[in-house]
Amino acid sequence: MAEPLLYDSLSRSLQPLTASDGETFRFYCCGPTVYGPAHIGNFRTFVIQDLLRRVVEASGLKTKHVRNITDVDDKTIRQSQTEGKSLQAFTEYWAERFHADCEALNLLEPHVEPSAVDHIEIQVRLIQRLIDKGNAYVAEDGSVYFRVTSFADYGKLSRLHEREITTAPAGTLQSDDEYDRESAADFALWKAHKEEDGPNAWPSPWGKGRPGWHLECSAMSMEYLGESFDLHSGGVDLLFPHHENEIAQSEAATGKPFSRLWFHSTHLLVEGHKMSKSLGNLFTLQDVKDRGFSPMALRYVLIAGQYRQPLNFTWDSLNAARSALRRLQQLHQSLSAAADDTSSPSPSSDWGPFQPVYDALANNLNTPDALGKLFTAAHQIERDLQASQVTREAAADLLAAYDRVLTVFGFTFDTEAAPAAAPAEVEALAAARWQAKQARDFARADALRNQLTELGWSVRDAKDGYELTPAN
RNA sequence: GGCGCGGUAGCCAAGUGGUAAGGCACGGGUCUGCAAAACCUGUAUUCACCGGUUCGAAUCCGGUCCGCGCCUCCA
103 MAEPLLYDSL
113 SRSLQPLTAS
123 DGETFRFYCC
133 GPTVYGPAHI
143 GNFRTFVIQD
153 LLRRVVEASG
163 LKTKHVRNIT
173 DVDDKTIRQS
183 QTEGKSLQAF
193 TEYWAERFHA
203 DCEALNLLEP
213 HVEPSAVDHI
223 EIQVRLIQRL
233 IDKGNAYVAE
243 DGSVYFRVTS
253 FADYGKLSRL
263 HEREITTAPA
273 GTLQSDDEYD
283 RESAADFALW
293 KAHKEEDGPN
303 AWPSPWGKGR
313 PGWHLECSAM
323 SMEYLGESFD
333 LHSGGVDLLF
343 PHHENEIAQS
353 EAATGKPFSR
363 LWFHSTHLLV
373 EGHKMSKSLG
383 NLFTLQDVKD
393 RGFSPMALRY
403 VLIAGQYRQP
413 LNFTWDSLNA
423 ARSALRRLQQ
433 LHQSLSAAAD
443 DTSSPSPSSD
453 WGPFQPVYDA
463 LANNLNTPDA
473 LGKLFTAAHQ
483 IERDLQASQV
493 TREAAADLLA
503 AYDRVLTVFG
513 FTFDTEAAPA
523 AAPAEVEALA
533 AARWQAKQAR
543 DFARADALRN
553 QLTELGWSVR
563 DAKDGYELTP
573 AN
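In the numbering used here, the protein residues as written are 103 to 574.
Hints are computed from structural coordinates only; laboratory data are not their basis.
Keep in mind that this is a model prediction, so the values were computed, not measured.
Glycine included, every Cβ here is placed at the ideal spot set by N, Cα and C.
Please note that a few of the clues may not be correct.
With a straight-line cut-off of 27 Å between C-alpha atoms, the simulated BS3-like cross-links for lysine-lysine are [stated by the list, open to error]:
1. K379 <-> K164
2. K310 <-> K235
3. K177 <-> K310
4. K391 <-> K379
5. K177 <-> K164
6. K164 <-> K358
7. K164 <-> K187
8. K166 <-> K358
9. K391 <-> K235
10. K376 <-> K235
11. K187 <-> K358
12. K358 <-> K258
13. K376 <-> K391
14. K187 <-> K376
15. K310 <-> K187
16. K358 <-> K379
17. K177 <-> K358
What follows is a list of derived Cβ distance ranges for each label pair [what the hints assert, rightly or not]:
18. D255 <-> S380: 36 to 44 Å
19. E205 <-> A549: 41 to 49 Å
20. L210 <-> F477: 21 to 29 Å
21. G162 <-> A489: 22 to 30 Å
22. K164 <-> P301: 38 to 46 Å
23. E125 <-> D234: 31 to 39 Å
24. A549 <-> K391: 32 to 40 Å
25. H375 <-> D452: 27 to 35 Å
With these hints in hand, go ahead and build the complete structure from the sequences.
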């Protein structure tokens, strides 16, 4: 199986996706902050990470996938206080919602999903290590900061030196709680407890407080994947400062390279603009479902663009996705019908006519190219089937290969929303029409169809029955 | 201002030197009482604009215009 290539943000070049231990590809994904529903932009990142894992696994490697839950930060604390809930009850609720969405989108569960609150101790130990090495210092209020000047490589990921970010002298920033840093570039490893944090504080050698955001990912990734591992990923916005700071903390503490590869997905746009609350274009999976689209259609939309290009989400794109998925499903049905259920496909991991599809995915996750190749292969197969040029055995093999391809894409066909139940009046009309049709009274059947149309319902006939769907 | 991404058919979107994938929508056809679905099939002499290099450029170089993102805790 060809080795997949992926663009690495650190080296700014395509790199082979290999396991440094020769066996298991170990990678970490920055997970959600659970303070509200995840939006479809978040899911672009999680879906493409899921696809990465599926491609790596298809290439023959095992994976160890760690994705954290950020449950202690300004937002979770503030919002839980506002709602008068304990931090735990609050974050557990949103974490559950997140998991439900993930399942609907057919995301593989990470092998480990650590929560920051459950890992305070290892974070404290990591901070102590940095203090001992002189890379961190305790401020007057008991907060601990990372000393950016102590880490020579600071900025290597985000090209800081080329971005003209000046290290402003301490005290020039507005935030009143950060005035005691030595330098404005220094960032918090530990935040001393403040009144507004309520009961959300943990003990440490420097007093009560809570870990800084960047720290949890360093501590937890190294805890479960080792001090050096294969890949770390997140949205582009995390490149700086989050990932830059993670590298600084981790490598300063261990003296070893942290993650070998860095994988960043570009943001999703909505109608050409960044999603934001003020623009009212922050959509969730629930919004998608409310408009009658399946989660699978969203999954399709999210991989219909290459992950390094901005992807413009529109409601019309969901329509296109729905139709496209229907055709893929149709091919599955055609192959199932043509295959011999009694003969199992020859054991093989060949992609058969879908080889170009895998090759496109292995080429830096070029999903649009892969989908193009998928439909090209589908056309050819359909043509062969119609020309009866496919034996039952060959169809079974094709079906098996097709199933493998669908698995890599993560497409399933059983999550289409069930058609809405029709009112009794509509059901009665439809039943009457079906009877008229059976009696070959087509004039009456057509009249009844027109009535149904006026009521906003369309009826589709099959051999032995009909299906009602809301017309829109 | 700095850094980065991009402008390809009505919409979405591949293609990074060899003569424009694919999806949706739309037109034609097969099938079906009709309709739908399904399948087949057609649809960009052209890739924001202007120069240049080349036998040859959407693809390389220079310039111009436009859109978007990041620039200290937003995937």
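Hints and how they fare:
| no. | hint | in the structure |
| --- | --- | --- |
| 1 | K379 <-> K164 | 40 Å, violated |
| 2 | K310 <-> K235 | 22 Å, holds |
| 3 | K177 <-> K310 | 19 Å, holds |
| 4 | K391 <-> K379 | 19 Å, holds |
| 5 | K177 <-> K164 | 36 Å, violated |
| 6 | K164 <-> K358 | 24 Å, holds |
| 7 | K164 <-> K187 | 40 Å, violated |
| 8 | K166 <-> K358 | 20 Å, holds |
| 9 | K391 <-> K235 | 52 Å, violated |
| 10 | K376 <-> K235 | 41 Å, violated |
| 11 | K187 <-> K358 | 41 Å, violated |
| 12 | K358 <-> K258 | 15 Å, holds |
| 13 | K376 <-> K391 | 21 Å, holds |
| 14 | K187 <-> K376 | 31 Å, violated |
| 15 | K310 <-> K187 | 21 Å, holds |
| 16 | K358 <-> K379 | 41 Å, violated |
| 17 | K177 <-> K358 | 32 Å, violated |
| 18 | D255 <-> S380: 36 to 44 Å | 37 Å, holds |
| 19 | E205 <-> A549: 41 to 49 Å | 45 Å, holds |
| 20 | L210 <-> F477: 21 to 29 Å | 25 Å, holds |
| 21 | G162 <-> A489: 22 to 30 Å | 35 Å, violated |
| 22 | K164 <-> P301: 38 to 46 Å | 42 Å, holds |
| 23 | E125 <-> D234: 31 to 39 Å | 34 Å, holds |
| 24 | A549 <-> K391: 32 to 40 Å | 35 Å, holds |
| 25 | H375 <-> D452: 27 to 35 Å | 44 Å, violated |
When the structure is compared with the earlier hints, violations turn up for hints 1, 5, 7, 9, 10, 11, 14, 16, 17, 21 and 25 and for no others.
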